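Asker: Taken in order, these protein sequences are the chains called B and X. Residue numbering for the first sequence follows the numbering used here, starting at 1 and increasing by one per position. Residue numbering for the second sequence follows the numbering used here, starting at 1 and increasing by one per position.
To be clear, the hints were calculated from the coordinates, so they are not data collected in a lab. Predicted model, so just to flag it, every value in this text is computed and none were measured. Among the hints, a few may not be true.
[Stated by the list, open to error] Computed Cβ-Cβ distance ranges for the label pairs, DEER-style:
#	chain 1	residue 1	chain 2	residue 2	range
1	B	GLY125	X	GLU151	37 to 43 Å
2	B	THR61	X	ARG134	36 to 42 Å
3	B	GLY49	X	SER51	47 to 53 Å
[As the list claims (entries may be wrong)] Covered by chain X, according to a simulated footprint, are these stretches of chain B (three or more residues, beta-carbon under 8 Å):
#	region
4	26-36
5	101-115
6	172-184
Just so you know, even glycine gets a beta-carbon here, dropped at the ideal spot from N, CA and C.
Chain by chain, the residues run as shown.
There are 2 protein chains.
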Amino acid sequence: MGGVSTADRVPKQDRSRATRQRLLEAAVACLAERGWSGSTVSVVAERAGVSRGAAQHHFPTREDLFTGAVEYMAEERTTAIRALFPEGAADRRAVVAALVDLYTGPLFRAALHLWVAASSEEQLGPRVTELEARVGRETHRMAVDLLGADESRPGVRETVQGLLDMARGLGLANLLTDDAGRRERVVAQWGALLDEALGHAPGA
Amino acid sequence: MGGVSTADRVPKQDRSRATRQRLLEAAVACLAERGWSGSTVSVVAERAGVSRGAAQHHFPTREDLFTGAVEYMAEERTTAIRALFPEGAADRRAVVAALVDLYTGPLFRAALHLWVAASSEEQLGPRVTELEARVGRETHRMAVDLLGADESRPGVRETVQGLLDMARGLGLANLLTDDAGRRERVVAQWGALLDEALGHAPGA
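Build the full structure now, drawing on both the sequences and the hints.
Answerer: Written out as C-alpha cells, the structure is:
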C-alpha cells in the first residue's frame, strides 16, 4: 500500500530465477496438455505471465525451453522421492509404488510427447536422446539406492531395469484412460516378485 | 507380353482387397516414420501407389485409415506369434521374447504416435482409446494362452499384465536408440522370474 513493492525488495537475481522456474513449470504443463505441435515459447510465456522477450532471454530456442523443462521437473521429482525415504530401503513395496508414480503424472506425459516428437524430428533427436539417457541413469541410481539393491549380484541390475521399464509401460497405459485400479494390482503383484528376487538374489 | 495382363485376370474383389492391404501397410510405415502430424491420406496413397480417390473410397477419413492400419497390423502380428507356438506354452522364455518383440518394431512406433496424438486431439481420442482396449485384450489373451498361465490362481492375471506393461516400456526405451543389448538381458532376467512366478503360483 504505497510503500516499497515486494518486487523491489526481491534481488534481481532471485526474480530472474523465479521467472525461469515459472517458465519451466508452464512448459511442462503445456507439453503435457497440448503435445509438441501445440507447444511454443509464446504459448508458454503467456501461460507463465512472462513477456515473450523475457522468455527468449532465458531460453533462446523452443528446444532449449522444453528439454530444459523436462530435465528440471525430472530432477525435482527425483529429489522429492528421495526425500520420502530418508533412510532408504525401508519398505520396498512403497518404493516401487513411488517409482511407478513418477510415470503417471504430467511430467511423464510431457516427456512422452517430447520423446515421440524427437523420434521423427531431426533437430530434436540428439538432444532428447541425450536427455533421456541422463534422466534414465539418475532414476536407475535412485531406484537402486532406495530398493537397497546390490548390483554386484548377478541379475540384480536387470531386475531393477525391468522394474523401471514396467513403470514406463504403466505410464503409457495411463495416457488415454485412468488406469489406477489395474495399476495398483499389477504393482502389488510385481512389487512382491521384485522383493523376493532382490532378497534371494544369487550369490546372497 | 501382349497377352492378357495379370491385373485383368485377378477378380475385382481381390484387387480391391490388395489395394486396401497396400494402403494399410503404407499407413503403418508412414506413421512410424513421420508421426501423426506428417501422416495424411495423400502421403499414404502416394506411398502405396494408389490414387487419392481410391484411398478415400477405402478410408473416408484420416482417422479411419490410421486406426484401421494399426488394428490390421496388430491382428497380423498376433496371428504370426500364435503360429510360432502351435502347441502353446512350449518354452516360456521364448514366448516372453516373442511378446517383447511385438513392441520394438514399426507397428509399436506407429501405435505410439497414434496414442500420443490421441491424448491431445479430441477427434482421435475416443477411437484410439477403444482400439487400444481391444488390441490390449487380444494381446493379453494370447499371452495367457501361450504362457500356459492359469488365471484362476491369485496373482497370475496381474503377473501377465505386468509383463505386457514391461514389454511396452521396453518398446519405449527402443524409440530413440537401439536398445537391443540391454533389452535382451532384461528379458532373460524377467523371463526367469516370470517362469518361476507362474510355476509356483499360489494354489498350485
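Asker: Check each numbered hint against the structure and report the violated ones by number, ascending.
Answerer: Going through the list in order, the structure violates no hint and respects every one.
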